[in-house]
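Q: Assemble the complex: chain A is given as a structure, and chain B must be docked to it using the hints.
Respectively, the protein sequence lines represent chains A and B.
Numbering of the first sequence is given in our numbering, commencing with residue 51 and proceeding in unit increments.
Numbering of the second sequence is given in our numbering, commencing with residue 53 and proceeding in unit increments.
Mixed in with the good hints, there may be bad ones.
[Stated by the list, open to error] Some chain B residues flagged as far from chain A (calculated, every beta-carbon gap over 10 angstroms):
no., residue
1, Leu90
2, Arg96
3, Phe148
4, Pro346
5, Ser378
[To be verified] In the EDC-like style, the derived pairs of lysine to aspartate or glutamate whose C-alpha atoms are separated by at most 16 angstroms in a straight line are:
no., chain 1, residue 1, chain 2, residue 2
6, B, Lys99, A, Asp73
7, B, Lys99, A, Glu76
8, B, Lys381, B, Asp408
9, B, Lys179, A, Glu76
10, B, Lys179, A, Asp61
11, B, Lys179, A, Glu128
If you're looking for bench data, these hints aren't it; they were derived computationally from the structure.
Since we're looking at a predicted model, the values are computed, not measured.
Using N, Cα and C, we set each Cβ at its ideal position, and we do this for glycine too.
Chain by chain, the residues run as shown.
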Amino acid sequence: MTIVSDVPLMDQDQLDLLRAALDPDELRAMLGQLPSAAEQGLAAIKAALAAGDLPQVCRAAHVLKGSASSFGAARLAEIARRIELDLTTSGEIEACLPVLCETVAATADELARWVERA
Amino acid sequence: MSPVMDIVESAADERVVPEGLVDARILIADDDPLCRRLVAGVLRAQKFTNIAFAEGGLSAMEQLRRFRPDLLLLDMQMPDMSGLDVCRQIRVQADFADTPILVQTATVDRKKMGELFSAGASDFLSKPINPSELIARVVVHLERWNSLRALRDYRERISRELDAARRMQVELLPDPITLQWAARTADLRIASYNRSSSELGGDLWGMLPISNGAFGIFLADFTGHGVNAALNTFRLHALIHEYKALHDDPGALLSMLNERLVRLLRVGQFATFMYVVVDHRAGVLKCASAGAPPAILVQGTDGRARLCDSSGFPLGVERGVRYRTSRRKFPVGSLLLLFSDGISEFPDAKGERIGDDGLLAALNACGPALTPQEVIDRLCGCAGITEGTPLPDDTTIVCIDRRASPRRDDQASCDRAAKQLAMSSPGGGR
Chain A
51 MTIVSDVPLM DQDQLDLLRA ALDPDELRAM LGQLPSAAEQ GLAAIKAALA AGDLPQVCRA
111 AHVLKGSASS FGAARLAEIA RRIELDLTTS GEIEACLPVL CETVAATADE LARWVERA
Chain B
53 MSPVMDIVES AADERVVPEG LVDARILIAD DDPLCRRLVA GVLRAQKFTN IAFAEGGLSA
113 MEQLRRFRPD LLLLDMQMPD MSGLDVCRQI RVQADFADTP ILVQTATVDR KKMGELFSAG
173 ASDFLSKPIN PSELIARVVV HLERWNSLRA LRDYRERISR ELDAARRMQV ELLPDPITLQ
233 WAARTADLRI ASYNRSSSEL GGDLWGMLPI SNGAFGIFLA DFTGHGVNAA LNTFRLHALI
293 HEYKALHDDP GALLSMLNER LVRLLRVGQF ATFMYVVVDH RAGVLKCASA GAPPAILVQG
353 TDGRARLCDS SGFPLGVERG VRYRTSRRKF PVGSLLLLFS DGISEFPDAK GERIGDDGLL
413 AALNACGPAL TPQEVIDRLC GCAGITEGTP LPDDTTIVCI DRRASPRRDD QASCDRAAKQ
473 LAMSSPGGGR
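Okay, chain B solo, but in the shape it has when bound:
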């Protein structure tokens, strides 16, 4: 053996195929039995064991279905079907749209090479067969495909988990039946809008029944969005329901929630929070705010929309903050709008934001004939939010409407809506 041969051999020994790859299923399609055997021999010498053969194009298509290869080594020229046609027929099958196909060809014709790639070949192998080139290209393409599949599997799993989490989060929101029942008892109408900027959001709103038809409405907005913010909405939801005795006392409830959240949340995490108790019998609202955007209140039939002053630290920033309850009149003919800054800060097509004052003006322009749902739709429209628009921030709007006492047929339609919602999935349509 010549010294040159020694070098070649030791170089070959150092070439190692990564362990995870040797189980890959490789299909060799060639009409020449000796060439099939040569290619298989080179692969087997590198510990590839999962090898199948096809004697032509038709048998390659058949083996594709049966053997489901991870990689295909395809001879360009076969008597029954050209390698190009085999490529094209494989690529139209969704299952094999990305499977690596390495075409063996003796041609160096630029036009033919172009055709080969446009037919869907992943790469080519020159003929006569060069074993190092064969192994190197096989390894590169198997690795590439493996990472593609791993990434795809990961994305699918994450997406399923986020879906499940989103369903759970939607279940935190008030269920439509309870909401409509509370609205009817209090002789008013409630409509809402809630959309996240990503799969999971940091906004949460809810209704807390109190007594004598009074109820509380809260709207929270955690810093950030995504999983972190969403997990915090679950914490907050649990805390709110832990302090049932404080549901009639907004200031006390916020003070208590703040004490708990300060201890739970990491530095930099906090929530703005607005809580309003609606007492229709007394015609009064009791409100407390923790850094939330101001609520908008229309008092009585002839009232103009006004921003309710909202000050105070967000929840979870500082210990010992005392939140105060303020009272406002809420006679028949009034309307209350709670919102997260997802709407006021939404940048429209021109990059402009409607702001609190813009919302105020838009609400003043809403006629009394509009239902609260129509009012919300109108405000979204004014802010530039349409159904398909991606939202940069989680967005929640709640509208409580005492302007017109629901007529009988309205109540009937309420019942119908409640029934429909009850039949649909728990997450749907809120």
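The shape of chain A in the complex, shown without the other chains:
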């Protein structure tokens, strides 16, 4: 999963689009919710994986991909996309979890900084 580090953590263009289109307070509030939503997604993926339910893993990854990409969390969205569409075995997905955890945390840090700045 080294390749995902090529993908920027945040998609600045997407964030700019949101900033232009949304009430600033509303955008801040939504971005503030993204880390906990990402944590929930991560937990759902782990739980489904533990239960051996791969279709459920895909569904959880799909939801995570949707919100992450729409809020400009590009790297998180890319990892979720791979889990949903590219990885086929629980072993592959298992191997991907550390970088997913890392990225969730990094995204949360970056968003916290962004929300403070905005």
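A: Just chain B now, kept in the frame of chain A:
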């Protein structure tokens, strides 16, 4: 803030959602609460206020019934029901057959996109959500749907009004009871055919009782058809009844109607008019014509059908025209046919017209056993007019038949028919 951001922001400010649209009811169906909130946030920033949410496909179907959205933003992939299935289930409901459905999807797969549209999606929205695209597509589809609805409402209103006008116009025609009574008194039979090319027509015919069982029959055909021509038939109807004293004098009646119509009608509008007084006691017809197609007359049992010469200016063209009354014999065994050029000029399947002479030949081929209604049906058939054929021009035919004096049982059936007509709606069956 970077200079680039300034440009983006000012561009966003210029984007204005048309005023009438912001009240539109928009349903957002997405299983991800954050995505629902994002889409709603973008819409609210553009002053859309009437927003409802569904957390999945089933709840979207429920909200459809309760909220009755004007537009639906639908996530393609939801856990309980796919966006495709939601689309299909919505489209089978008549109320929502045209409601815009915008499906949000991350896919660019050509096959999946095809499925999406064949399931009934109006359009798609790419994911990640692009706010400008979202607003632009929402506005386009709401505007399209609003104009569709406005057009539909307008058509329905016009169609109701035309229906009402048509009923009124049908009420101008002779009522069946009076007509059958006059026929019986004069010991003859009358049948008629009247159909418009559109909802309203420019043809009018009528019967004017005179005295001693004599009566007048007129047939008018205004230029054009549709509302203009129809309104003129109402004017003419009122005028004819204003000159009751002239009902026994065709030439004088036409001359007077012409004077009035010349002043009423706009340039280019006029009417052909045929008026015949049927006096069965004297066995005479008194006729006057204003540019109408010639009447066809069969005189007596052994007579052949002949065209009655009809000349003269149409009504409403020139002041001071004097119309002359001509007299013809109308003994027992005779038959008179009045018609508008809707039948003689009707183009059949080959584009050929039967013409006055064709009608004459067709009438000569009709045996004496046919009732006047059967004669009319036969002539329509010869001209190529069947029940369902659309008519390019308003068409009226009146047949007055003295060939066989009605037998007693005929009279009984006449009574029955009159009773039935009396019970049916005033516009029906004439």
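Q: Each of the hints needs a verdict: does it hold here or not?
A: Hints versus structure:
1. Leu90: Non-interface label on Leu90/B violated, nearest chain A Cβ at 6 angstroms vs cutoff 10 angstroms.
2. Arg96: Given a closest Cβ separation of 7 angstroms, the condition is violated.
3. Phe148: holds (25 angstroms)
4. Pro346: holds (76 angstroms)
5. Ser378: It holds; Ser378/B is separated from chain A by about 84 angstroms at its closest Cβ, greater than 10 angstroms.
6. Lys99/B with Asp73/A: holds (11 angstroms)
7. Lys99/B with Glu76/A: holds (14 angstroms)
8. Lys381/B with Asp408/B: Given that 16 angstroms is the threshold and the Cα spacing comes to 21 angstroms, the pair is violated.
9. Lys179/B with Glu76/A: violated (20 angstroms)
10. Lys179/B with Asp61/A: With Cα atoms ~14 angstroms apart, Lys179/B and Asp61/A stay inside 16 angstroms; holds.
11. Lys179/B with Glu128/A: holds (13 angstroms)
The structure fails to meet hints 1, 2, 8, 9 from the earlier list, while all remaining hints are met.
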